[in-house]
Amino acid sequence: VTILQAVIDGILTGGVYALMAAGLTLTFGVMQVINVAQGVLVVTGAYLSYELATRFSIDPFLGLLVTVPALFLLGLLIEFVLIRRLRQLSVFNFVVMAILATYAVSVITEGVLDMIFGSGEVEIQAPYVDKSFVWLGMHLPEIYVYGFLLAAGLLAALSLMLYRTRFGRCVRAAEQNRVSARLVGIPVQRVSTIVFGIGVAVTAAGGMVFGATNAFNGDSGADLISRLLTIVILGGLGSMGGALAGAVVLLVVENVVAVVWSPLWAPLVFSVVLIGVLLARPNGLLGKATAQ
Amino acid sequence: MRRRRIRITAVATCVLLALSQAACGGSSGGTSSGSILVGADLSLSGDFATEGVPYARGYDMWTSYVNSHGGLLGRQVQMDILSDASNQPEVTTNYQDLISVKHAQLLFGPVSTLFTVPAAREALRFGYALVEGAGGGPVVFSSGLTNVFDTGLPIAGTVVPFAKYLASLPASVRPKSAAYVTENDPFDEPETDGAEPVMAAAGIKTVYSNSFPQEVADYSPIADAVAATHAQVVILGAGDLSVLSPFIHAWIQDGYNPEALYTANGATPPQFLPAIGGATNGNGVVTSGSWFPQYDNAISKAFVSTYLKKYGGSENNIDPSVAEGYSVGEVMQAAVEATHSLTQSKIIAWLHAGHAIQTVLGPVSFNKLGENTSASAFLFQWQQGQYLAVQPAQAGVSGIQFPKPNWGSS
Chain C
15 VTILQAVIDG ILTGGVYALM AAGLTLTFGV MQVINVAQGV LVVTGAYLSY
65 ELATRFSIDP FLGLLVTVPA LFLLGLLIEF VLIRRLRQLS VFNFVVMAIL
115 ATYAVSVITE GVLDMIFGSG EVEIQAPYVD KSFVWLGMHL PEIYVYGFLL
165 AAGLLAALSL MLYRTRFGRC VRAAEQNRVS ARLVGIPVQR VSTIVFGIGV
215 AVTAAGGMVF GATNAFNGDS GADLISRLLT IVILGGLGSM GGALAGAVVL
265 LVVENVVAVV WSPLWAPLVF SVVLIGVLLA RPNGLLGKAT AQ
Chain D
56 MRRRRIRITA VATCVLLALS QAACGGSSGG TSSGSILVGA DLSLSGDFAT
106 EGVPYARGYD MWTSYVNSHG GLLGRQVQMD ILSDASNQPE VTTNYQDLIS
156 VKHAQLLFGP VSTLFTVPAA REALRFGYAL VEGAGGGPVV FSSGLTNVFD
206 TGLPIAGTVV PFAKYLASLP ASVRPKSAAY VTENDPFDEP ETDGAEPVMA
256 AAGIKTVYSN SFPQEVADYS PIADAVAATH AQVVILGAGD LSVLSPFIHA
306 WIQDGYNPEA LYTANGATPP QFLPAIGGAT NGNGVVTSGS WFPQYDNAIS
356 KAFVSTYLKK YGGSENNIDP SVAEGYSVGE VMQAAVEATH SLTQSKIIAW
406 LHAGHAIQTV LGPVSFNKLG ENTSASAFLF QWQQGQYLAV QPAQAGVSGI
456 QFPKPNWGSS
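Quick note, the sequences are listed as chains C and D, same order.
15 is the number of the first residue of the first sequence in our numbering; add one for each residue after it.
56 is the number of the first residue of the second sequence in our numbering; add one for each residue after it.
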């Protein structure tokens, strides 16, 4: 039962991590922007949900109606102020400078969060945070179940948007070849801006669940980003399904090793799995061969 | 030829004068007003900021206090705190900067055992004393550092008094099983070491014992594994609240309530109760430390009063790290005033001599290793939303509550 519980914990928690990593993989896939501010943006989403819950008693899931649009606007702002201006550089320089620019966003945002909220750790409270469903003798935390369902729903919606809508076709065209897409009349710049906004908006949902399951402060994003990058590399840069697959593999492997062997060995064993996957599939579990 | 030689001599003289001028500026501590520059490195962002930021407040409070009481040796004190952003290599760079560039005359330490060792090494290279309050791990005192002085409680075995309490319970109520789970770092492991032998000798069987790395993606499987053992006692070496909180949430979700729960860190006010869902979830949780706001000590009472005047709030919202930081200043002040000097060798010799210094944390005195041999060691337990010192016995406090109430109940 303990091993099965560890597997289920890994799947549920993996959903939450996939939610946090989805924006990262989306912005890379379409824009070749490795947004290293993703971790601190997750924490920003967590703080927004925390404020709504503590000041206005708004349920964290309901609060997403406010926090998702708020972070969408923040994403548009970051793209407009910083990322867009780097487009005149060569592709290589753009990728490098975008990393530096988003790192600057990360440092500035972290400083602002520290100034506003201080260094003390907080956690989002809701009536279901400490409750669980009992199934086959196992306890499934309600917050993780709801978080996983939210992740599955949002990732499915993003996939539908990408593969079943006109806007999605534009996004995929821009992802495959920006110049050709522009030549056939796709407003590539506008598409990129909206995609970046969506990528940041999704982190509001991930941040909410992260903040309801972990004590956090402005600096918690620094710990998250390395894990999120690992997830999108394992899953395949640019792949929504890959984000989910990568997150679930990371969490399940680490959880099972922690229970069967020792928590101390979990990161090492996962690293071996990661190297093995990348040797067999250099583009990640579900990454496309065209991914850069 | 002669004119050229004169010109060269004149230029060389000017250069020498300029250099000597710069050197003179340096020896005055880099301050133009004759004040004493105190340099410190703290983690004002990153993982250790939860401790570094209140420490900075403690350093600043001491600076305000000493300046409002005539200064140090009649000179005002200027505090210069550099942030290492919780990044170990930055610690060394910052102390090099403080010593070589800013010419700080006194040095205060960083937070964390992890950072204290490189800080003290760098200070030692220049012959400086390093007084600190948050580097109490055994590695600090076993590294051959002759210049480090830790005002805090040496952390090795701080759990032992609680283990002894459990072992001393009558056999009919004494727990039968215990789980030991600890974060793998130089601070938390020593803190929880020593509990197992004491409890095992009293017949409390070890049913789980494991370490886990820092920054685990998901603590649930470890917490679930502990819950599955139904251990009656849990000794948890949590590094901070971000580690402690997921364990508590997982145990509440699992419906598992140990009869006794000790945590190395993370259970201090003011963040603990709000993070874990309120006072009723905190009831019975035990931790250890060297200070609490109700500490019956005249200096501590004055400190609390000053703090509340300056920052507002209630005394239960004072982070103990502020008091620890303040004590660093008090110890350095005592050494400087006793030796009437800023000479580092004299300060080090005086501190090593074992003089008793009265501080906000109570009496402080150091052995040859720099450990505080007079440190007050308290066991704290959350009871009805109050952070109470339950051992040694305090007036008006009924002692350790055992067994711990169930989660969500009083």
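FYI, nobody ran anything at the bench for these hints, they're computed from the structure.
Any given hint could turn out to be false.
As the list claims (entries may be wrong) - Partial list, computed: chain D residues near chain C (C-beta under 10 Å):
1) 108
2) 236
3) 277
4) 303
5) 331
Computed from a predicted model, the values in this text were never measured in an experiment.
Glycine is no exception: its CB is placed at the ideal position from the N, C-alpha and C atoms.
Here's how the hints hold up against the structure:
Against a cut-off of 10 Å between C-beta atoms, the interface hint on residue 108 of chain D holds, since the closest Cβ of chain C lies about 4 Å away. The restraint placing residue 236 of chain D at the interface with chain C holds, with a minimum CB-CB distance near 8 Å, inside the 10 Å limit. For residue 277 of chain D, the suggested interface contact is upheld, since its CB lies about 5 Å from the closest CB of chain C, less than 10 Å. For residue 303 of chain D, the shortest C-beta to C-beta distance to chain C is roughly 9 Å, which falls under 10 Å, so the interface hint holds.
Evaluation of the residue 331 of chain D hint against chain C yields a held restraint, the C-beta minimum of about 7 Å falling below 10 Å.
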